[in-house]
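*Asks:* Construct all of the structure, not just a fragment, from the sequences and the given hints.
Number of protein chains: 2
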Amino acid sequence: MDNEFCPVHEAIQFLQEKWVLHIVRSLLEGPRGFNELSRSVGGCNPATLAQRLDRLVEIGVVDKEVQSVMPPRTLYRLTAAGQSLQQVLNAIDSWATQYLRPAADRGAVCDQQHATSDSL
Amino acid sequence: MDNEFCPVHEAIQFLQEKWVLHIVRSLLEGPRGFNELSRSVGGCNPATLAQRLDRLVEIGVVDKEVQSVMPPRTLYRLTAAGQSLQQVLNAIDSWATQYLRPAADRGAVCDQQHATSDSL
DNA sequence: CATAGTACTTGACATTTCGAAGCGATTCAA
DNA sequence: TTGAATCGCTTCGAAATGTCAAGTACTATG
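Note that the protein sequences, when read in sequence, are chains B and G. Residue 59 in my numbering is what sits at position 59 of the first sequence, and the numbering runs on without skipping anything. Residue 1 in my numbering is what sits at position 1 of the second sequence, and the numbering runs on without skipping anything.
Be a bit skeptical, because a hint or two may be false.
Part of the chain G face toward chain B, derived, beta carbon under 7 Å [stated by the list, open to error]:
hint, residue
1, P7
2, Q16
3, E65
4, V66
5, V69
6, S84
7, Q87
8, V88
9, I92
10, T97
Cross-link-like lysine-lysine pairs, in silico, DSSO-like; alpha carbons within 30 Å at most [unchecked claim]:
hint, chain 1, residue 1, chain 2, residue 2
11, B, K18, B, K64
12, G, K64, B, K18
13, B, K64, G, K18
14, G, K64, G, K18
15, B, K64, G, K64
What the hints contain is simulated information worked out from the structure, not anything from laboratory work. These numbers were taken from a predicted model, which means no experiment stands behind them. The beta carbon of each residue, even a glycine, is placed where N, CA and C say it ideally should be.
*Replies:* So this is what it looks like as structure tokens:
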């Protein structure tokens with residue numbers, strides 16, 4: 001079934017891990033330290049964040065720069081591959097602003113709106 | 001913090017739920033029944049699939065059409081909002097083929113490649 | 001010297017997902 | 001006629017995953 005390598009499948013697999021997209025989005029605004037990133041992402045606990053960050057580094061989306069071990073000071077920044085995810089975030093942004101505006105709560109679903117908004 | 005409604009955040013929150021992107025991708029190829037979809041998505045167990053589908057319907061991305069209750073026959077198809085996710089999938093596709101492939105036949109683009117040894 | 005900040009780790013707990021089995025019914029092959 | 005397969009799910013316990021609170025080793029600030 002999955003004999004051949006499908007990059008899209010792989011990408012989805014990794015993008016759908018919890019917090020990944022949020023982390024990338026935050027990092028897209030600039031490099032950050034661990035706690036700073038944690039605050040900026042909002043709601044991700046350190047254990048998970050650390051794990052995700054490891055993964056992102058491993059995949060080559062994020063670059064981890066240890067400036068000093070003690071006192072601890074680290075910087076996480078996107079690699080070229082990571083910054084390229086901007087286009088994915090843009091697509092999500094564009095979709096979200098078009099279809100996710102009034103809804104987002106359970107129950108209230110906006111059917112289809114033919115809004116002509118080309119934000120972004 | 002989360003006082004103002006951020007559509008992108010909401011979108012990420014929902015897109016990152018396990019299997020959602022896979023389901024949408026599969027549905028982008030055409031409407032399907034439950035088991036058919038399950039096979040096409042590959043690896044998602046029925047409980048999770050049912051839950052995701054409910055949610056997708058609730059959000060307004062998928063339309064569930066019950067053709068007959070007994071014998072059971074149902075069709076899941078994307079709404080306009082769902083089909084619009086094509087652009088997100090396209091962005092992912094484009095990113096993935098550029099950065100997630102063992103630079104075999106698509107050279108010149110990946111300046112720095114990190115190991116893609118592990119199964120992501 | 002006490003407080004706050006850095007980058008995490010650990011271990012206990014909660015939530016999410018999984019795997020397998022099953023249900024009522026129909027359709028098809030033997 | 002019997003049995004197997006298919007359909008769209010649901011249920012259950014178990015496994016994987018994520019979360020919370022606290023703690024570590026240390027410095028800079030007040």
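*Asks:* None of the hints should be skipped; say for each whether it holds.
*Replies:* Okay, the hints, checked on the actual structure:
| no. | hint | verdict |
| --- | --- | --- |
| 1 | P7 | holds (4 Å) |
| 2 | Q16 | holds (5 Å) |
| 3 | E65 | violated (15 Å) |
| 4 | V66 | violated (18 Å) |
| 5 | V69 | violated (23 Å) |
| 6 | S84 | holds (6 Å) |
| 7 | Q87 | holds (5 Å) |
| 8 | V88 | holds (4 Å) |
| 9 | I92 | holds (5 Å) |
| 10 | T97 | holds (5 Å) |
| 11 | K18/B with K64/B | holds (20 Å) |
| 12 | K64/G with K18/B | holds (27 Å) |
| 13 | K64/B with K18/G | holds (27 Å) |
| 14 | K64/G with K18/G | holds (20 Å) |
| 15 | K64/B with K64/G | violated (45 Å) |
Of the numbered hints given earlier, the model fails hints 3, 4, 5, 15; all others are met.
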